[in-house]
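Novice: Given next are the chains, with one letter for each unit.
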Amino acid sequence: MKKTLSLILALLMVLSVLAGCSKSPAETPAGEEGKVFNIYAWNEEFKGFFEKYYEVPEGITVNWIINPSDHGVYQDKLDAALMGQSGASADDKVDLFLAEADYILKYVDNGATQDITKIGVTDFSNTYEYTVQAATDSKGVVKGVSFQCCPSAMIYRRSIAKDVLGTDDPAAVQEAVSDWAKFEAVAGQAKDKGYYMTASFASTYRVFSNNATAPWVDAENNLQFDAQVNAWMDQTEDFVSNGYTLTSGIWDDETTAQMFMDGKTMCFFGPAWYYNFSMGNAQDKDNGCFGDWAICQGPQAHFWGGTWLLAASGSDNPTMVADIMNTFINDEEVCSNLVKNEMQFSNNQAVNAKFAEDPEFSSAFLGGQNDTAMFVELAKNIKFENVTIYDQLLNEGLQAYMQEYYKGAVTKEEAMQNFLNYVNETYPAIITN
Amino acid sequence: MKHPVRRLKRGGVSYVKWGYIFIIPFFAAYLFFTLVPQLMTIYNSLFENYRDGLNQVGPNFVGLKNYKTLFSPDNSGSIGFLKYFGNTMILWILGAVPQILVALLLAVFFTSYRLRIKAQPFFKTVIYLPNLIMASAFSMLFFTLFSNVGPINQLIVQMGWADVKIDFFASTITVRGLIALMNFLMWFGNTTILLMAGIMGIDQSLFESATIDGAGPLQVFFKVTLPLLMPILIYVVITALIGGLQMFDVPQILTNGIGMPDRTSTTMVMYLNNYLSTSKNFGMAGAVSVVLFLVSAGLSVFVYGTLTKRSRED
Chain P
1 MKKTLSLILA LLMVLSVLAG CSKSPAETPA GEEGKVFNIY AWNEEFKGFF EKYYEVPEGI
61 TVNWIINPSD HGVYQDKLDA ALMGQSGASA DDKVDLFLAE ADYILKYVDN GATQDITKIG
121 VTDFSNTYEY TVQAATDSKG VVKGVSFQCC PSAMIYRRSI AKDVLGTDDP AAVQEAVSDW
181 AKFEAVAGQA KDKGYYMTAS FASTYRVFSN NATAPWVDAE NNLQFDAQVN AWMDQTEDFV
241 SNGYTLTSGI WDDETTAQMF MDGKTMCFFG PAWYYNFSMG NAQDKDNGCF GDWAICQGPQ
301 AHFWGGTWLL AASGSDNPTM VADIMNTFIN DEEVCSNLVK NEMQFSNNQA VNAKFAEDPE
361 FSSAFLGGQN DTAMFVELAK NIKFENVTIY DQLLNEGLQA YMQEYYKGAV TKEEAMQNFL
421 NYVNETYPAI ITN
Chain X
1 MKHPVRRLKR GGVSYVKWGY IFIIPFFAAY LFFTLVPQLM TIYNSLFENY RDGLNQVGPN
61 FVGLKNYKTL FSPDNSGSIG FLKYFGNTMI LWILGAVPQI LVALLLAVFF TSYRLRIKAQ
121 PFFKTVIYLP NLIMASAFSM LFFTLFSNVG PINQLIVQMG WADVKIDFFA STITVRGLIA
181 LMNFLMWFGN TTILLMAGIM GIDQSLFESA TIDGAGPLQV FFKVTLPLLM PILIYVVITA
241 LIGGLQMFDV PQILTNGIGM PDRTSTTMVM YLNNYLSTSK NFGMAGAVSV VLFLVSAGLS
301 VFVYGTLTKR SRED
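Line by line, the protein sequences give chains P and X. Residue numbers for the first sequence follow our numbering, so the first one is 1 and each next one is one higher. Residue numbers for the second sequence follow our numbering, so the first one is 1 and each next one is one higher.
If you are wondering where the hints come from, they were derived from the structure by calculation, not from laboratory data. Don't be surprised by glycine CBs; every beta carbon is placed ideally from N, CA and C. Mixed in with the good hints there might be a few duds.
Restraint-style ranges between C-beta atoms, simulated for each label pair [said to hold, decoys possible]:
#1 X:Met134 to P:Glu175: 47 to 55 Å
#2 P:Asp253 to X:Gly86: 46 to 54 Å
#3 P:Asn230 to X:Gln158: 55 to 63 Å
#4 P:Asn386 to X:Gly86: 33 to 41 Å
#5 X:Gly86 to P:Thr61: 47 to 55 Å
#6 X:Pro37 to P:Gly87: 20 to 28 Å
Just chain X, with the same shape it has in the complex:
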C-alpha cells in the first residue's frame, strides 16, 4: 500500500500493474496449453506406453530407449526419422521458395504507386481464397483431379499430349510436385498480404526520393524495399518454416496416409501420426515430438540469425 501512495505524491500514477494484469490471460494460456503439454511430452517420451489391441502396455520407464529406436537404422540401413526429415525439408523448400518469391512480386505490384493496379480488393480476395478451403478438402480435390481416372488424365490422353495415362501417384517427382503446388496455392495469398502490409509501412517518400535520385525499379526494390522489409520477411520465413516442419494434412490426405511412393512424401508429422493413430504409442510419438521441437527451434534460430545478420550488414 505504501508504494502507489508515494508515487502519487510525486505526481504520477503507475499503470504498470494493469499491463501485467492484462497479459495474465496469455501467460496462463501459454502455461497450461503449451508449456505443460511440452514438458509432459518430454516426460512421456521416456516411457514405454502403448496399446496392444484393447490392452494397455505400460507406462514403464525405459530411459532413452525410444530415442535409440528412433535413430537406429532398419534392415536396409536407412534411418527413418532422417529420411522423413529430408522429405519434409524438400517439400517445404519446393513450396515455400516460389511462394515467397511470387508473394514478394505481387506485394510490390500491388503497392506500387506507379502501377496503380485497379480492382485491388478483388485480386487480393481471389489470391487469398485457396487458404479458406480446408486443406483436407483441397487434397481430396487434387487427388480426384489427378487420379488415374481423373479429369486431368482424361484431358492429357484426349489432347494427345501423352499416349498413356500418367500415374501421378507412382513417381516421387509428381507426388512431391503436387504437394508443393498445393501448399503454394494455399499460402501465397496469405504471404502476399503480410508482405503488402510490410511494404505499406515503409515511408513512401523514400521511394520517391530514390526515384528522383535516379534509381531504377530494380534498384529501388533491392536497395530500399527489401532492406526495410526485412523484419516482416523474417517473420514470414520463420512462420512458413515452422508451418512447413509441421506439414501433415496435405500429404496425408493426398497419399492416403502412405506417403507414396517409397515413403518419399512421408513427412515428420505423418511419421509421428503413424505411431499415434493405432497403438497410441505415446512413448515413440513423444520422442518424435521432442526431436521435432528441437529441430524447429534450431532452424528458427539459424534462419533468424542469418537474416538479421544480413540486414545489419546492409
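Bound-form chain P, shown alone:
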C-alpha cells in the first residue's frame, strides 16, 4: 500500500514538472501585443527618464536587463540575446535596446534591428540630422532614434577660471582656449597657480578622436592611427610630464574626486549627460561646488556618446516600441521636461530653441548660464562619420594601455605593442601590421 502511494506521488511530481513544459508559450493573438516589454541597457540613465515620463500601457510589464558597458560586457550579453531572438519565447524577446555612438553601427547595419518607419516612427523633422544618420543603415533604412543630442563642451570651474584667467565669462574663457596652442598655454598658467588643467589623462581624448579624418580601420580592415589620435598621445605626453593633468582614468575615483569643492582641476569635457549623470561629486550637498561651473566650446568642436533607442527585429510589441520613440523625440512636453527638469539637451530642435531663447531659462548648476543656448550652437558642428563597429573597445583599450605609459610603468613602444596584442586578441578580423 505504502509502495503504491509513494509511486503515485512520485508520478504526480514528475507530471507536474512536465506540465510546466507543456504550457504553450504566450502566443500573440492578432491585434494584441506581448505583455512583457524587454529593454536592454548599460546603465540607469534612460530608465530614470522612462519611468518618470513614459506612461506604460496597462497590463504591460517592463523588464530592464542592465549590464555594464566596460570591456564590452553589455554588447556580449546583448549579442547573445539578439542572436537567440528567433528561438526565444515572446516574453523573452528583446523589444527595445539602447546603443551608444561607439558601436551603434554594429547593430544598425544588421538584420537584428528593424525599420522603424514601418512601425510608426516617421517624423524626424525636429531631430538633429546626425542622430538619424547614426541610426541609418547602409541602405538608408532608419532603425532607431536618440533621445538626446550630445554636443560636448568644455566644463570649467568658474572660481578657478577667475583665478587663472581673471574672468569666468564663457565668451572670454572660450577666447582664451579657442585652439590647442592657447589651451596648452592656459594649462601652463593654471599649473603656476597650483591647478591641474584636466583631471584625467584621457579627458581630451574625445575632443581629438571625434575630429579624426579616418576611421579606426580602413576598407581592408587594417588598423590605422589617425593624426588626431596621434596628436592626443603627444599632447597628453606633454601634459603628464608638465604636471598639467592627473594620470587616472576618466571614470576613476581619483578623477571624480577632483569635482569636489576642494578639487584643483579647471576643466572637464562632456555633453549635458556628463554633468547631470557623471558629475555627482560636484553636486554633492556638503563637499560639492554646485553653481561654480560654466561651459564653453573649448579647443575643438566634438560630441561624445549619446544613447540611441533601437528597435529589435522580432519584437512582439512594435506599437509600444514606436510609441516610446515618438514620445522621446516628438512629444513636446516630455522633451521640455527633459531639458527643464533633467538638464538634458533633447533631440527636439524646436524644444531646444524654445529654451535657448527663453531669457528666464538657465542652469543653476552652471551658475545661471543658459546651457541649452550654448548647445544649440555646438550641435551645428556635429559630424557623425568615420565610425566602425569596433570603436568602443579600441578607444577603451588604447586609453588603458597608454595610461601605463603615462604613469611611467612602460615605454611608449611597449604600450603600443600591448595595445596591438590586445587588438589581435579582441578582434581577429582587424589586421594590425
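Please build the complex by placing chain X on the supplied structure of chain P, with the hints as guidance.
Specialist: Same frame as chain P, but now just chain X:
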C-alpha cells in the same frame, strides 16, 4: 544468469556489480561534462571560428594555424603565451610557497599534543573565513583599499611613511605582490585544514616514542611528521598547482582585465578570456586551452614524480 547461481553454490554472494552500478553516475558525469568537452576543445582548436560584430566567421578548418599563431612572436619579439605562462607560474609560486609553509606550521601547532592550543574551533573558522568570500568581491575590496584615493594610501601619507601616494597598480612588484597576498589569504586556511587532517591521521604513538627516544621537535617534524604526511602534501601541492595554473578571477578583477602593468599580471586564463569574451574566438581559445591542458598534465606528473620519489627514498 548462470554466473551468480554458480557463485551462490560456492557459498558467497558477489556484490561487485553494485560497486560498478554505484560509480556509473561519476563516470557518466565525467564522460559528458569533462571528456566530451575536452575532445570538443581539441576539435575546435583546429578551426577558424569567431564573431565579427554580429556576423559569424567560420568554422573553417585551418589545421594547426591557431597553434602557429599562438607561438609566433609579436613585433617586439616576445611570444605572448610564454610570457603569460611565466606570469602565471610566478604569481602561483609567490602565493603558494608561503601558503603551504604557513599552513604546515599552523597544522603542526594545532595538532601538537604538547601545545594544546585552546579555542581551536574559533581559530580554524577564522583562518578559513577568507575562502568563503567570493574572489571577485575580495578583489574589489583590495582594489578599493589600495587605489590611489584608497584608505591604505591615505594612511601612508598621513603617518608620514611616504611623501607621495604609492601607485600600487603601476609597478609589477606591487601588483604581483597584492595578487599573491590575496591568493595566500584565501587559501592558507583551506590548506591548513587539509594538512591537519593528514597529521591527525598519523599514529600519535609514533610522536611519543620519537620523543622518548630523544628526538627534538624539529627532528620529530622532519623525520616523522613530514614523511608520513607526504601523500596529503602531494595532493595539496598538485591541487594548488592546478588551481594556480587556472588563476583568473583575482588578477582579472584586481587589474580590471588589463593585467597591468605591461601585461605582467596577465595569466594564461586571462589570455584565454581575451580571445573568448568579445569575439567568441573558439579556435584560438581552444588552442590556448589545449596547451594549458598539456602544461597542467605535464607539471602534475612532474610534481607527483619528484615528491613520491623523495618520499620513497626517505
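Novice: Now tell me if each hint is right for this structure.
Specialist: Hints and how they fare:
no., hint, result
1, X:Met134 to P:Glu175: 47 to 55 Å, "holds (54 Å)"
2, P:Asp253 to X:Gly86: 46 to 54 Å, "violated (32 Å)"
3, P:Asn230 to X:Gln158: 55 to 63 Å, "violated (41 Å)"
4, P:Asn386 to X:Gly86: 33 to 41 Å, "holds (39 Å)"
5, X:Gly86 to P:Thr61: 47 to 55 Å, "holds (52 Å)"
6, X:Pro37 to P:Gly87: 20 to 28 Å, "holds (23 Å)"
Consistency with the previously given hints fails for numbers 2, 3, ordered from lowest to highest.
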